[in-house]
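Visitor: Letter by letter, the chains look like this.
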Amino acid sequence: MKNNGWYRLGQVSAVFCGGALGGISRYEIGNWIHSANGLLGTSVVNLLGCFLLTFTIYGLDLRFDLPEWQILGLGTGFVGAFTTFSTFTLQFVQGISNNPLGSLIFLLVNLIGGMLCVPLGYLAATRVGRRQR
Amino acid sequence: MTTMIWVGLGAGLGAACRYGITVLGKLVSPTIPYATILINVIGSFLAGWLTGSQLPGTWALFLLTGVCGGFTTFSTFSVDTFVLVRNRRYLLAGWYWCGTVVLGVLAVVSGLWLSMHS
Chain A
1 MKNNGWYRLG
11 QVSAVFCGGA
21 LGGISRYEIG
31 NWIHSANGLL
41 GTSVVNLLGC
51 FLLTFTIYGL
61 DLRFDLPEWQ
71 ILGLGTGFVG
81 AFTTFSTFTL
91 QFVQGISNNP
101 LGSLIFLLVN
111 LIGGMLCVPL
121 GYLAATRVGR
131 RQR
Chain B
1 MTTMIWVGLG
11 AGLGAACRYG
21 ITVLGKLVSP
31 TIPYATILIN
41 VIGSFLAGWL
51 TGSQLPGTWA
61 LFLLTGVCGG
71 FTTFSTFSVD
81 TFVLVRNRRY
91 LLAGWYWCGT
101 VVLGVLAVVS
111 GLWLSMHS
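Quick note, the sequences are listed as chains A and B, same order.
Residue 1 is where the first sequence starts when you use full-length UniProt numbering, and the numbers rise one by one after that.
Residue 1 is where the second sequence starts when you use full-length UniProt numbering, and the numbers rise one by one after that.
Worth flagging that the hints you see were computed from the coordinates, not collected in a lab.
Facing chain B, a subset of chain A residues (Cβ under 10 Å, in silico): (1) LEU21; (2) LEU52; (3) PHE78; (4) ILE96; (5) MET115.
Pair ranges (Cβ atoms, derived): (6) A:SER13 to B:LEU27: 18 to 24 Å; (7) A:GLY10 to B:LEU106: 33 to 39 Å; (8) B:TRP113 to A:ASN99: 19 to 25 Å; (9) A:ILE33 to B:VAL23: 29 to 35 Å; (10) B:LYS26 to A:ASN98: 36 to 42 Å; (11) A:ASN37 to B:PRO30: 34 to 40 Å; (12) A:SER13 to B:GLY99: 30 to 36 Å.
Computed footprint of chain B on chain A; a stretch qualifies when at least three of its residues, placed anywhere within it, have a C-beta under 8 Å from a C-beta of chain B: (13) 43 to 50; (14) 83 to 95.
Glycine included, every Cβ here is placed at the ideal spot set by N, Cα and C.
Chain A on its own, in the form it takes in the complex (with noise of 0.2 Å):
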């Protein structure tokens, strides 16, 4: 049953509807933050991205038992679509020859910054979903 067209087609449609929401989100981020080149706003939306993926997968999932598409279209769809990493490697690359300290300091900030977001939404996961037992 679980491999059957209907239930892979709702998974998909659920990453859809996610993904459509996690990308306009992240282009109204940009648009309300609007920083010279947009380098915060890609900044900001990463490293939220990176708390909340941790926090979703583990955290909400433990709390509330979603549904497989629930986690799927809030997980994969929406933050995953949130976030962006083509937009990262192109604003760095654009903005090296102009402002080379910039850029690197912009590939740190979002690459270390990812590295710490993920366990803090990992720990405040554990919070929430420990509460319920």
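Knowing the structure of chain A, use the given hints to seat chain B on it.
Guide: Chain B in isolation, oriented as in the chain A frame:
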């Protein structure tokens, strides 16, 4: 409002493609995130190529901000690395972390180069 619809449509399509490739990638290797590497590198290449091609506004929103942005993912990349570290596969985690960034940057440069020489 219409700009939001284009971004949303593109990002939804990108995310659905990413999901499909990830499902296939898990069949190849459940532990090493080959699919995420492929997705982020291909997406970076496309982003470079499309940027260099200087698309009109609506197409740039749909293809660049939407499809490329929704297809590639920074959060899964970071979580993949974190999971490898948690599983004590430190060397692999280091290679994956640095490797994806180096390949992604090279992909953007190749994409930009291709758009200027075609």
